[in-house]
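2 protein chains.
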Amino acid sequence: MLVPVIISGGSGSRLWPVSREARPKPFMKIQDGLSLLQSTMLRAAAVPDSNAIVIVTNRDLYFQSKEQLEAISSGMNRAEISFLLEPVGRNTAAAIAMSAFLVQERFGPESILMVLPSDHLIKDQNAFLKLAATAIDVARTGNYVTFGIIPSLPETGYGYIECLGSYSPGKLCDVKRFVEKPDYDRAKRFFESGNYLWNSGIFCFRADAILDSIRKHAREVFDKARESWIATKNDPVNQPHVMYIEKSVFPSIPSISIDYAVMEHVDNIKVMPSEIGWSDIGSWRSMGELVVPDAKGNRLVGDAVLIETTNTYVQSDARVIAVVGVDNLVVIDTPDALLVGHADKVQLVKEVVANLKLSGHEAARWHRTVYRPWGTYTVLEDGQHYKMKRIVVKPRASLSLQMHSHRSEHWVIISGTAEIVNGDKHFTLQRDESTYIPAGCKHRLSNPGDEDLLLIEVQTGEYLGEDDIVRFEDKYGR
Amino acid sequence: MLVPVIISGGSGSRLWPVSREARPKPFMKIQDGLSLLQSTMLRAAAVPDSNAIVIVTNRDLYFQSKEQLEAISSGMNRAEISFLLEPVGRNTAAAIAMSAFLVQERFGPESILMVLPSDHLIKDQNAFLKLAATAIDVARTGNYVTFGIIPSLPETGYGYIECLGSYSPGKLCDVKRFVEKPDYDRAKRFFESGNYLWNSGIFCFRADAILDSIRKHAREVFDKARESWIATKNDPVNQPHVMYIEKSVFPSIPSISIDYAVMEHVDNIKVMPSEIGWSDIGSWRSMGELVVPDAKGNRLVGDAVLIETTNTYVQSDARVIAVVGVDNLVVIDTPDALLVGHADKVQLVKEVVANLKLSGHEAARWHRTVYRPWGTYTVLEDGQHYKMKRIVVKPRASLSLQMHSHRSEHWVIISGTAEIVNGDKHFTLQRDESTYIPAGCKHRLSNPGDEDLLLIEVQTGEYLGEDDIVRFEDKYGR
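Chains as they are written, first to last, in our numbering: chain A, -4 to 473; chain B, -4 to 473.
No wet-lab data here; the hints were simulated from the structure.
All the given hints hold, so there is nothing to weed out.
27 angstroms max Cα-Cα, derived BS3-like pairs, lysine-lysine:
| id | chain 1 | residue 1 | chain 2 | residue 2 |
| --- | --- | --- | --- | --- |
| 1 | B | 291 | A | 345 |
| 2 | B | 340 | A | 340 |
| 3 | B | 118 | B | 176 |
| 4 | B | 382 | A | 389 |
| 5 | B | 384 | A | 389 |
| 6 | A | 382 | B | 382 |
| 7 | A | 61 | A | 118 |
| 8 | A | 420 | A | 384 |
| 9 | A | 291 | B | 345 |
| 10 | B | 211 | B | 228 |
| 11 | A | 382 | B | 389 |
| 12 | B | 340 | A | 291 |
| 13 | B | 352 | A | 291 |
| 14 | B | 291 | A | 340 |
| 15 | A | 470 | A | 228 |
| 16 | A | 384 | B | 384 |
| 17 | A | 242 | A | 228 |
| 18 | B | 125 | B | 166 |
| 19 | B | 183 | B | 166 |
| 20 | B | 382 | B | 420 |
| 21 | A | 384 | B | 382 |
| 22 | B | 291 | A | 352 |
| 23 | B | 389 | B | 24 |
| 24 | B | 389 | A | 384 |
| 25 | B | 470 | B | 242 |
| 26 | B | 470 | B | 228 |
| 27 | A | 382 | B | 384 |
All figures in this text were calculated on a predicted structure; none of them were measured in a lab.
Whole structure, please, built from the sequences with the hints as guidance.
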């Protein structure tokens, strides 16, 4: 049995303002309209014999992740997919330990895990799948296989794996050691030596092997993860394919990467030198590099006018962006936040996010569009005593039966069908119809149809905070 | 009789995206929440004995200009104010000729015009008024007086006036010559000589004197302006205080500045060396200079986070703007357009506007908020088959009685009182009430109250263009 394990999450601060805590990097659309997470799901499903997939992510990201999956499920093999939902992120050792317990119990101890981070891009999926087949064969005998990317420049932003001797593409090497992110001079030596590969974070091993090694080399991780796993699987609210990890033990698991916890200490580990079109997309600079430049080195996505400007990456959302007289900039526009930076300094965006968090700024965490289990809402205008939202309700989804004390709401249906509870009336609205819900009136909005329901909500009242809500009934257990 | 003549208009391209053709530079708010036009109106009203004021502007800007005036009229002397509305801009000679005809006819040939451009800032109004009093005295005897600004740097963006000998502040000099914008070396020589002043475009002269000189030195301007004036004053639709200049002769007046047409050729002209806190605000760089910099030389207006950034001007509208790792940039944000530029290259914004015009881009001309005689509307979202607007109707204003063939409209009142005609019903709506106007239904929206009426409009339909409108009755003659 082969089980791809997708690790998805991250704080998203390196690619702010498009990536934010409430919808981080794996959700960013990169290629062909697919997000990194969706590309990873498709990759996992394409690995031969992967009849089951485990997705480890934060519980706050569950509904969004599920939606991503549903959007592409027609293009996927019908694998059995399980979500393991973390209450907090505790790094890769904890996530992999929990996954290994699940896989061992459900599919047997000799089942093979293939760990796939969801925050990088692999352009050549066929090349990856070929290498994966070899890696799986090797893992079957109890060995560890890690994927090393053949470097194209002396990158200082990645960890490296030193091979015992020089590597050639697609030929497994013995691993001499793992090396943390180097400074430029070391990176240059690594790059020129022909012995060093970038550490991709993709691993392959048997469930019993990894659990054994975690027990041996990271005892506290093992003990606590086991305790957490037992509590989680015995929790009666959990279903086999949606498991909320319990909150009392898991958060105390040491936060450590699987590299440090295990991989550096085991000796039966091989590295697969890989040429698979891999990109970490670790900054706006590398994001820009995915766009084909024009003759002046400019890369444009969206509506932009550049005058006397060179080597600049502009990504526009809805606005027209004019850039004049500059070189080597990055300009990233979103509905509520804008980033302008020198391309060589884009790593400083992390400081921006830290700064915004410190001041309690909404844009550190939330987008203008907020994802809910039933769909999304987008605040279009937040005025004095009124607020306007665009609301999208997914097919057969339903908001809670609720009431607001301080605001009334006007709903205008733009497309789709709305099933409405408004006080003691129950009725259906179509496009171009509307209803009014006075403050203090119990109401519910549902989409009984097969397509999205789009409506505009105009709220009026003295107080318009999201916390003015009483929920009487909710199909998402909120 | 002393008549300040305010010249207001301009294409607004140097300060795009805040200034645009449909609402150019004079409407930009600069100080104390006042626009340049309002500051100029207050300045005109403060000139001693100015019991009448003439405002020359484009007819498309009339309602906006009037609104600007009404917003400050409580702080103004009760001067008689007349609008002269140009069908097209024909430069200052034509505008001044028309004003001089008006002033001569209405207030007598010996009345004095004080020409005040509305696109610059004068911080020290008291100093200006003191110099103005002297200038008026001199103009009374038939002489010309122009205001020269004592230069603070060798600016290449302005025209210069050379004095006969060196100047001292507030002491009238004889003018030796007018000089066009110089290159840097000449500007430097001018600046160091102590004989050169910046040409402010502020003039003072008698109506009969200027008309005489225009006749003498720019005969075609004189003849056509006289013909145009006669047709305009005899047009029965014109009222004394709102005169739409006729369209058949005026557009053929040669487009020439009063400097070239007259001032360079007259010999009884004096210049007033002025220290009045004058700023031309000719670019985003000079706009930025009005803001006090922090220790790193950054100037911030609005919500911004700057990391490792120096000497940068950021003006944010509603979004948070993050700037990282740059020096000497300008970032100007508006709801639908954004400018990022090197501070030394901000004059290139003119090319941006030219480029946008060429491609027929709306943002070249229009803001997201559009000004109408009855108030404003702002498109908040323009989606597929729906559009949302925030509409503000001024007190006692009224939209036309109208009908749309392809769209229906939902109106939700946010504040104020709405008088509604909806088919054959006539009713009043207050805050938190709404109405629905189906396609094909005659309707009218009015504000009977003393405060602004604010409402949200949600349009739905297959076609949502502004040209889907049949007007049956309109109090603004549209």
